[in-house]
Amino acid sequence: MDFEIRKCKGKAALTINPKKKVRIDLLEKAKEFDCLVETPVMLIIKYEDMIINIYENGKVRVPTLDEEKAKKIAEEIYKVIL
Amino acid sequence: MKALLLLSGGIDSPVAGFLMKKKGLDLLPVYFDNYPFSLEETKQRALDNAKKLDFEEVLVVPHGGTLAEFMRSCNRKYQCVFCRRMMLRVAECLAEKHGAKALVTGENLAQVASQTLHNLLAEFKAVRIPIIRPLIGFDKEEIIRIAKKIGTYEISTRPVPCCTAVPRKPATTATEEALLGEEEKISVEELVEKEVEGSRIVRL
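Chains as they are written, first to last, in the numbering used here: chain A, -10 to 71; chain B, 1172 to 1375.
Watch out, some of these pointers could steer you wrong.
What the hints assert, rightly or not - Derived pair list, reagent style SDA-like, types lysine to any residue, alpha-carbon separation capped at 25 Å: (1) A:Lys(-4) / B:Ser1244; (2) A:Lys(-4) / B:Ile1326; (3) B:Lys1340 / A:Cys(-3); (4) A:Lys(-4) / B:Lys1248; (5) A:Lys35 / B:Cys1333; (6) A:Lys9 / B:Pro1338; (7) A:Lys(-4) / B:Gln1215; (8) A:Lys35 / A:Leu71; (9) A:Lys48 / B:Lys1194; (10) B:Lys1173 / B:Lys1356; (11) A:Lys0 / B:Val1337; (12) B:Lys1248 / A:Asn46; (13) A:Lys60 / B:Cys1334; (14) B:Lys1193 / B:Val1373; (15) A:Lys(-4) / B:Cys1333; (16) A:Lys0 / B:Gly1181; (17) A:Lys0 / B:Glu1325; (18) B:Lys1356 / A:Cys24; (19) A:Lys61 / A:Arg(-5); (20) A:Lys10 / B:Asn1246; (21) A:Lys0 / B:Pro1341; (22) B:Lys1248 / A:Glu27; (23) B:Lys1340 / B:Glu1325; (24) B:Lys1356 / A:Thr28; (25) B:Lys1248 / A:Ile13; (26) B:Lys1340 / A:Val69; (27) A:Lys10 / B:Pro1338; (28) B:Lys1194 / B:Glu1312; (29) A:Lys35 / B:Lys1356; (30) B:Lys1248 / A:Val30; (31) A:Lys8 / B:Cys1333; (32) B:Lys1319 / B:Asp1219; (33) A:Lys35 / B:Val1337; (34) A:Lys35 / B:Glu1212; (35) B:Lys1356 / A:Glu17; (36) B:Lys1248 / A:Arg(-5); (37) A:Lys18 / B:Gly1236; (38) A:Lys60 / B:Ile1326; (39) B:Lys1365 / A:Pro29; (40) A:Lys18 / B:Ser1244.
Read the hints as simulated data drawn from the structure, not as lab findings.
Isolated chain B (complex conformation) (with noise of 0.2 Å):
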């Protein structure tokens, strides 16, 4: 079975994209390129990870302007669930674009902000494809006891600048109904289209 590896260049996910490999599901790594908020140096990260795990392309998907256009027009605070959000539902229609049935992600609970329990129930409402999570539950030294081990430690720990679409105080109790009532203000099907339609295939 085939599943979207949604792909950052942190610790997390290339270590998620490992244990699903080992388990059989045939993977592809999907990166979303949030530039000019995070720079060329993070999407090598991710690439350089990509090819560490033995991928051979990786999708990369242009998820800056759609950062912009809530930053425009929205509560800042939602700024990183929003982000979330809209990467899962690119990710469904890439999915469905690339006979994919699955999307698995590194997500951590309470690791980050956007990761809180009530933060992961109001992004996985944006979809409806199942979402694979297999770190889930596991702890930061688990994780990084992994990483180390297959070797992507010390590229997820480069020193890369952060990304500056996070704002200062970042919602850690996010719901449905508040992000809903945040995306009328903006056309999120155009922007689901628009990335979907700019992503492109990058071989390692």
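This is chain A alone, in the form it adopts within the complex (with noise of 0.2 Å):
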């Protein structure tokens, strides 16, 4: 999956959006995942100790600033939702 990698408004976290348009099912995903919050429009999940917000277009966020990281979850978390 081709991904792009920005800084959030806050500058304390990294949103990973892929660059093909998808739409996730998030309710019908959410079981795969030790979820905090599911809505159709957002998963908030643990995940390695940080909070990690999934929404439906695809995009992901992961509060750090280390980019090989952000990258390493977001592969995993879209192996499980794409």
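Take each chain as given, in its own frame, and dock them per the hints.
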């Protein structure tokens, strides 16, 4: 999956956006994760001691500025949701 | 007279608190915790600002569940206005519980989506308790100048992950009618009750 990484507005998190247009049935995929919040537009999950947001358009937000770490986490999540 | 100060992790509400404390108001700060939409760092910013302003305790309210409920069932563009309506409703109940007669907020006209005049009107219609907004007509530069003077600016501008409940295109001209229509889809009273019951005092 091709994606791009950007810094969030608050400059304390990274968002990973797929370059291809996708739409994910989050409520279907929710069972694959340790979910804190499940909604049709966003999942919030616990993953490797972090709180990660997954959006229905495939965007993933990781609260770190470590691009390598964010990329690795996003790749793991994309294996599950795509 | 006692009032509740709605204290976020941002620049404005600590300044609002400082100004009203200077006027002799007895304030109890209240932090609405949007976890997991906002994270521990945001809460810590609010607590550090409260300590900077010489408060000894903060009332922390679990607000994330309410936001999730709205997100599941309602029109996303109203998320921020709904969030503030619920904060005011819960704060009104907490005010009664803690003997406060008013709320103090750091709202500043037209600074962010939830603070257009339309949205402010739609928000305050959710409650009856008087709301004191000492910064409503201030320029941002004035607020920043005061924040720097009182030592809260550095705390308020620490980088933290943004609140992820904010929609991509928040409504800027919400009406009460539209909001009531959305709120009918969820149980507002139950959500208020849950937040009030879940509130905890954190000693600084």
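Hint check results:
With a C-alpha separation of about 29 Å, the suggested pair Lys(-4) (chain A) and Ser1244 (chain B) falls outside the 25 Å cut-off, and the hint is violated. A hinted pair counts as satisfied when its Cα atoms are at most 25 Å apart, and Lys(-4) (chain A) with Ile1326 (chain B) qualifies at roughly 21 Å. Taking the CA atoms of Lys1340 (chain B) and Cys(-3) (chain A), the gap is near 16 Å; set against the 25 Å cutoff, the hint holds. Proposed proximity of Lys(-4) (chain A) and Lys1248 (chain B) is supported: the alpha carbons are some 23 Å apart, at most 25 Å.
Between Lys35 (chain A) and Cys1333 (chain B) the CA atoms are separated by roughly 17 Å; this keeps the pair inside 25 Å, and the hint holds. For the proposed pair Lys9 (chain A) and Pro1338 (chain B), the alpha carbon gap of about 21 Å is at most 25 Å, so the pair holds. The suggested pairing of Lys(-4) (chain A) with Gln1215 (chain B) holds, with an alpha-carbon distance near 22 Å, which does not exceed 25 Å. Between Lys35 (chain A) and Leu71 (chain A) the alpha-carbon distance is near 19 Å, which keeps this suggested pair within the 25 Å criterion.
At most 25 Å may separate the alpha-carbon atoms for a hinted pair to count; Lys48 (chain A) and Lys1194 (chain B) exceed this at roughly 47 Å. Taking the CA atoms of Lys1173 (chain B) and Lys1356 (chain B), the gap is about 35 Å. The hint is violated against a cut of 25 Å. With a CA separation close to 16 Å, the supplied pair Lys0 (chain A) and Val1337 (chain B) stays within the 25 Å bound. Straight-line distance between C-alpha atoms of Lys1248 (chain B) and Asn46 (chain A) comes to about 17 Å, which keeps the hinted pair within the 25 Å bound.
With a C-alpha separation of about 21 Å, the suggested pairing of Lys60 (chain A) with Cys1334 (chain B) holds against the 25 Å cut-off. A C-alpha spacing of about 23 Å is found between Lys1193 (chain B) and Val1373 (chain B), which places the hinted pair at or below 25 Å, so the restraint holds. For a cut-off of 25 Å, the pair hint linking Lys(-4) (chain A) to Cys1333 (chain B) stands: about 11 Å separates their Cα positions. Restraint check for Lys0 (chain A) and Gly1181 (chain B): the C-alpha separation of about 14 Å stays at or below 25 Å, so the hint holds.
Only pairs whose Cα atoms come within 25 Å are accepted, and Lys0 (chain A) paired with Glu1325 (chain B) is accepted, the gap being roughly 15 Å. Under the criterion of a C-alpha separation no larger than 25 Å, the hint pairing Lys1356 (chain B) with Cys24 (chain A) is consistent with the structure, at around 23 Å. The hinted pair formed by Lys61 (chain A) and Arg(-5) (chain A) meets the criterion: a straight-line CA distance of about 15 Å does not exceed 25 Å. Straight-line distance between C-alpha atoms of Lys10 (chain A) and Asn1246 (chain B) comes to about 23 Å, which keeps the hinted pair within the 25 Å bound.
Of the supplied pair hints, the one linking Lys0 (chain A) and Pro1341 (chain B) holds, its CA atoms being roughly 21 Å apart against a limit of 25 Å. This hinted pair checks out: Lys1248 (chain B) and Glu27 (chain A) have alpha carbons roughly 18 Å apart, not beyond 25 Å. In summary, the hint linking Lys1340 (chain B) to Glu1325 (chain B) is not supported, as the alpha carbons are separated by about 29 Å, beyond the 25 Å threshold. A distance of roughly 15 Å separates the Cα atoms of Lys1356 (chain B) and Thr28 (chain A); the hinted pair therefore holds under the 25 Å criterion.
Among the hinted pairs, Lys1248 (chain B) with Ile13 (chain A) is consistent with the structure: their alpha-carbon atoms are about 20 Å apart, no more than 25 Å. The suggested pairing of Lys1340 (chain B) with Val69 (chain A) is violated, with an alpha-carbon distance near 28 Å, which exceeds 25 Å. Between the alpha carbons of Lys10 (chain A) and Pro1338 (chain B) the distance comes to roughly 19 Å, so the proposed pair stays at or under 25 Å and holds. Under the criterion of a C-alpha separation no larger than 25 Å, the hint pairing Lys1194 (chain B) with Glu1312 (chain B) is consistent with the structure, at around 22 Å.
With a C-alpha separation of about 28 Å, the suggested pair Lys35 (chain A) and Lys1356 (chain B) falls outside the 25 Å cut-off, and the hint is violated. Restraint check for Lys1248 (chain B) and Val30 (chain A): satisfied, since their Cα atoms lie roughly 12 Å apart, inside the 25 Å limit. Restraint check for Lys8 (chain A) and Cys1333 (chain B): the C-alpha separation of about 23 Å stays at or below 25 Å, so the hint holds. As the CA atoms of Lys1319 (chain B) and Asp1219 (chain B) are separated by approximately 15 Å, the hinted pair is consistent with the 25 Å bound.
Proposed proximity of Lys35 (chain A) and Val1337 (chain B) is supported: the alpha carbons are some 20 Å apart, at most 25 Å. With a CA separation close to 16 Å, the supplied pair Lys35 (chain A) and Glu1212 (chain B) stays within the 25 Å bound. A distance of roughly 23 Å separates the Cα atoms of Lys1356 (chain B) and Glu17 (chain A); the hinted pair therefore holds under the 25 Å criterion. Proposed proximity of Lys1248 (chain B) and Arg(-5) (chain A) is supported: the alpha carbons are some 23 Å apart, at most 25 Å.
Note on Lys18 (chain A) and Gly1236 (chain B): the hinted pairing holds, with a Cα-Cα distance of about 20 Å set against a maximum of 25 Å. The suggested pairing of Lys60 (chain A) with Ile1326 (chain B) is violated, with an alpha-carbon distance near 30 Å, which exceeds 25 Å. Between Lys1365 (chain B) and Pro29 (chain A) the CA atoms are separated by roughly 23 Å; this keeps the pair inside 25 Å, and the hint holds. Annotation: proposed proximity of Lys18 (chain A) to Ser1244 (chain B) holds, straight-line Cα distance about 19 Å (limit 25 Å).
Hint check: violations occur at hints 1, 9, 10, 23, 26, 29 and 38; the rest are consistent with the structure.
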